[in-house]
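Heads up: the protein sequence lines correspond to chains A and B, in order. Take the first sequence: its position 47, counting from 1, is numbered 47 in the numbering used here, and each next residue is one higher. Take the second sequence: its position 517, counting from 1, is numbered 517 in the numbering used here, and each next residue is one higher.
Worth flagging that the hints you see were computed from the coordinates, not collected in a lab. Cβ atoms here follow ideal geometry from the backbone N, Cα and C, with glycine treated the same way. Accuracy of the hints is not assured; some may be wrong.
Claimed, not checked - Reference excerpt, derived from the structure (chain B facing chain A, CB under 8 Å, subset only):
#1 S394
#2 P400
#3 T573
As the list claims (entries may be wrong) - Ranges of calculated distance between the beta carbons of each label pair, as one might list FRET restraints:
#4 F128(A) to I417(B): 15 to 23 Å
#5 F488(B) to T141(A): 49 to 57 Å
#6 L159(B) to G35(A): 56 to 64 Å
#7 G121(A) to V358(B): 17 to 25 Å
#8 L32(A) to A329(B): 24 to 32 Å
#9 G606(B) to G35(A): 21 to 29 Å
#10 T141(A) to K427(B): 34 to 42 Å
#11 T141(A) to S394(B): 35 to 43 Å
#12 S106(A) to P625(B): 49 to 57 Å
#13 L159(B) to A78(A): 28 to 36 Å
#14 P31(A) to G623(B): 16 to 24 Å
#15 L123(A) to W426(B): 43 to 51 Å
What the hints assert, rightly or not - Derived, one-sided and incomplete: chain A residues facing chain B with beta-carbon distance under 7 Å:
#16 L72
#17 Q76
#18 T120
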Amino acid sequence: MRRALLIAVAALGLIGPPVVAQEPPPAPDRPLPDGAQEARAQALFDGIRCVVCQHEAIADSPAVIAADMRQLVREQVAAGRSDAEIEQDLVRRYGDFVLFQPPVRSGTWLLWFGPVALLTGILALLLFRSRRPRTEIEPLTAVEEARLADIISEAHLRRDPDAKPSDD
Amino acid sequence: MAPRRFRDRAVIVETGAFALILALGLAALQTALAVAGRLRRSPVLAGAAAGAAIGSALAVAVAFAALIHAFSVSDFSVANVAANSHTDKPMLYKVAGAWGSHEGSLVLWCLVLTGFGALLARARNLPFGLKTSAVATQGLLGVLFLAFAVLTSNPFARLDPAPFQGASLNPLLQDPALAFHPPLLYAGYVGFSVCFSLAVAALVEGRANAAFWPAWGRWVRPWALASWAFLTVGITLGAFWAYYELGWGGWWFWDPVENASFMPWLAGAALLHSAVVTERRGALAGWTTFLALAAFTFSMLGAFLVRSGVLTSVHAFAVDPERGMMLLAILSLTGGLAFGLFAWRAPQLKGGGIFAPVSREGALVLNNLFLTAACATVLLGTLYPLILEAANGSTISVGPPYFALTFVPLMAVALLILPAGPLLAWKRGDLPGVLQRLAVAAGLAPLLALAGWLMFEPRKALSAAGIGLGAWLIVGALAETAERVRLFRSPLAESLRRAKGLPLGAWGTTLAHAGLGVFVLGAVVETGYRAEAARPVAIGEVVEAGPWAVRLDDVRVVEGPNYLAERGLLTVTLRSGAAPRQITAERRFFPAGGQTTTEVGLDFRGLDDVYVVLGERGQSATGAPAWNVRVWWNPWARLIFLGPAIMALGGVLSLMDRRLRLGVGQRKVAA
């Protein structure tokens with residue numbers, strides 16, 4: 001009975017991740033005959049986001065649109081267009097969202113250069129400060145010495161009342 | 001008989017609900033008693049607060065046990081069980097279902113929070129003021145998260161009428177690695193709460209003398225080490241699960257949810273290292289405090305990102321905006337208060353000993369700088385798309401290429417510097433001397449890089465450089481130990497005696513750094529040189545990837561406990577046909593949830609994996625049935641998961657070091 005169910009479901013093409021459960025199965029991939037071109041297309045797939053999925057590249061996505069996008073990329077590779085041209089075309093169709101590498105423009109400077117700026121900033125600050133002559137810390141005053149002794153002895157005087165002698 | 005059993009269960013579930021509320025009350029009591037005890041300097045009140053902390057942990061444990069019981073007996077009158085379980089599920093996944101949902105995992109979060117709180121309350125060697133303030137802070141965190149659980153996410157809410165069958169757990173999550181992934185991950189995430197509380201307490205107590213900070217560094221380090229080790233194992237299990245369960249051949253995709261777990265790890269790693277400087281030299285006190293606050297704040301940020309619905313992914317629990325707002329409120333309140341306190345008090349912290357730029361301290365400062373910048377990269381990469389969309393509506397995606405261009409170079413520089421760090425002396429190091437001791441590593445690394453360059457595809461120079469980097473880390477870490485035991489420079493017996501005398505912490509450092517090198521080797525080789533092939537094959541046909549050929553022998557339909565599957569029988573051989581080995585790969589259909597998962601066929605070949613995914617059934621050109629078979633050759637993939645395991649082991653060894661054991665350290669400080 002269950003086997004029959006499985007076969008029926010498989011025949012209906014319903015087996016697939018939940019996202020595409022109601023869609024017809026995607027068209028099977030037709031790799032390009034030229035090995036070098038296919039390798040280029042595969043490399044491009046890794047950087048292109050499936051526009052209906054959550055953070056998934058079209059290389060890995062089982063969605064129908066991902067299959068369509070793979071086919072589109074393959075056609076353009078076969079037509080002899082450069083990687084940059086193909087990516088430009090995708091951005092024109094779907095927006096910046098479609099590429100996993102965000103563009104470098106005024107809105108994304110912080111994203112691209114923020115961490116390096118942070119690193120160099122702190123490094124510069126540290127170097128600047130290390131140039132200034134520093135003195136060893138002054139020895140503790142008598143009052144501070146007394147407080148220090150107090151702090152250290154506290155642990156023994158004000159014990160946790162739960163502690164048993166055996167805990168020591 | 002049946003109605004009576006139902007009544008028993010009813011009591012158990014309601015006991016759980018009651019225990020959770022009781023835990024909230026006890027956490028509030030803990031906070032109030034600790035604050036009062038601190039203000040009046042009363043050991044009695046502080047002791048009562050410690051008692052309340054332990055009581056709170058016990059109450060959450062009771063609630064969690066009740067929830068697990070409800071899942072294990074499939075009590076579908078509990079809404080959470082009905083939504084996440086099914087009678088057909090194997091017992092392991094019934095139990096794991098208890099933390100497979102938002103509500104259940106929140107109880108787990110609270111259990112770890114109060115459990116660590118109870119351990120903190122039992123710690124005997126902390127000075128009164130610091131301990132009482134830390135217990136109060138931990139109690140307040142408990143109040144916030146328990147209130148969140150009780151008010152918005154009651155895991156014991158009832159359904160009337162109870163359904164006869166549950167909706168099942170997402171089948172992707174029905175996996176042994178994933179059953180243990182959340183508890184380990186949470187032990188790491190929430191373990192940092194103790195570091196957070198100790199940092200808040202240190203800022204409140206405002207010790208203006210330099211003698212306080214070395215002791216504080218020693219107190220905070222075991223908690224940081226334990227949390228970091230748990231988090232390392234938790235993240236690795238998650239990555240391993242993603243690798244063999246999601247069936248896309250990869251193990252890390254810089255998904256926002258992966259990043260959410262990675263940020264506390266990076267902050268925790270920075271904290272471990274800066275706490276060493278604080279402990280040994282009294283320096284960087286403010287910075288260490290900052291990192292202790294940051295690590296748990298990142299944990300809370302992660303919880304917000306995953307549970308609020310601002311992101312959605314495999315990990316994200318079904319969410320509603322009210323919960324998101326409340327988590328954001330908790331995050332802003334605790335983060336705001338803590339960092340406000342930091343901004344107010346930090347300028348009053350006195351610095352410790354002076355050190356030259358080239359010194360152990362200097363190297364650890366560099367480590368912290370790079371880890372912080374790396375963490376900033378991950379933070380920006382995770383939040384930037386959200387911020388940009390909110391700011392001007394434009395949408396971008398931040399994925400692997402961004403991190404390859406920002407995170408990877410930063411870490412590469414940090415890893416180049418790393419082996420020198422442990423060899424440098426405190427205060428003022430001797431760089432030429434250190435480089436001399438690293439001569440073996442410096443000679444071996446380029447040789448191995450060259451070997452890698454020749455062994456794999458010769459065109460990928462960057463990947464070959466990565467192999468050199470991994471070798472540099474491993475040999476460099478071993479060089480440090482060799483130096484300390486005077487290997488080859490004194491008789492072997494003498495070296496052995498010295499090795500026995502080395503503190504466990506030194507072995508821990510070496511292991512952790514070497515483990516990082518092992519991970520780098522695996523990650524670089526797997527990412528740089530993996531080969532992939534996919535095509536529809538009929539029975540008896542072959543797919544080739546790298547040096548391997550995979551033949552589809554047969555496909556059968558099989559029945560599992562709660563699924564039906566198409567099971568492919570495949571033979572993996574070298575292209576020459578040598579070294580055949582049988583594997584199976586499955587496509588499983590879970591009727592309960594109507595979902596399909598892939599069960600990857602993995603052939604472990606030494607350090608390499610041959611990774612096979614059985615795809616959908618179609619037709620070949622001749623009309624015969626054919627299956628889309630995808631094959632990856634993942635060279636050295638074993639090292640990716642072995643490396644972090646070695647790192648975590650290093651953390652555990654450091655934790656077992658006598659010097660870090662609470663109590664021992666205290667007496668030494670007092671002496």
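Here is what the structure says about each hint:
Residue-level restraint check for S394(B) holds (minimum Cβ-Cβ distance to chain A is 7 Å; threshold 8 Å). Against a cut-off of 8 Å between C-beta atoms, the interface hint on P400(B) holds, since the closest Cβ of chain A lies about 6 Å away. A hinted interface residue such as T573(B) counts as satisfied when its beta carbon comes closer than 8 Å to some beta carbon of chain A; here the least separation is about 22 Å, so the hint is violated. In this structure, F128(A) and I417(B) meet the distance hint of 15 to 23 Å, their C-beta atoms being roughly 21 Å apart.
Judged by the Cβ atoms, the range 49 to 57 Å given for F488(B) and T141(A) holds: they are separated by roughly 52 Å. Here the CB-CB span from L159(B) to G35(A) is close to 58 Å, well matched to the stated 56 to 64 Å. The hinted window of 17 to 25 Å between G121(A) and V358(B) holds, with their beta carbons roughly 21 Å apart. Against the hinted window of 24 to 32 Å, the Cβ-Cβ separation of L32(A) and A329(B) comes to about 53 Å, which falls outside the hint.
The hinted window of 21 to 29 Å between G606(B) and G35(A) holds, with their beta carbons roughly 28 Å apart. As the Cβ distance of T141(A) to K427(B) is approximately 25 Å, the hint placing it in 34 to 42 Å is violated. The hinted window of 35 to 43 Å between T141(A) and S394(B) is violated, with their beta carbons roughly 59 Å apart. Range check, S106(A) to P625(B): about 55 Å between beta-carbon atoms, so the 49 to 57 Å window is met.
The supplied range of 28 to 36 Å is broken by L159(B) and A78(A), whose beta-carbon atoms lie about 56 Å from each other. Distance hint for P31(A) and G623(B): a CB-CB separation of about 20 Å, consistent with the stated range 16 to 24 Å. Separation of L123(A) from W426(B) is about 21 Å and departs from the stated range, judged on CB atoms against 43 to 51 Å. Interface restraint check for L72(A): the shortest CB-CB distance to chain B comes to about 18 Å, outside 7 Å, so the restraint is violated.
Among the interface hints, the one on Q76(A) is violated; its C-beta lies about 19 Å from the nearest C-beta in chain B, farther than the 7 Å criterion. Interface hint at T120(A): violated, since its Cβ lies 9 Å from the closest Cβ of chain B, which is beyond the 7 Å cut-off.
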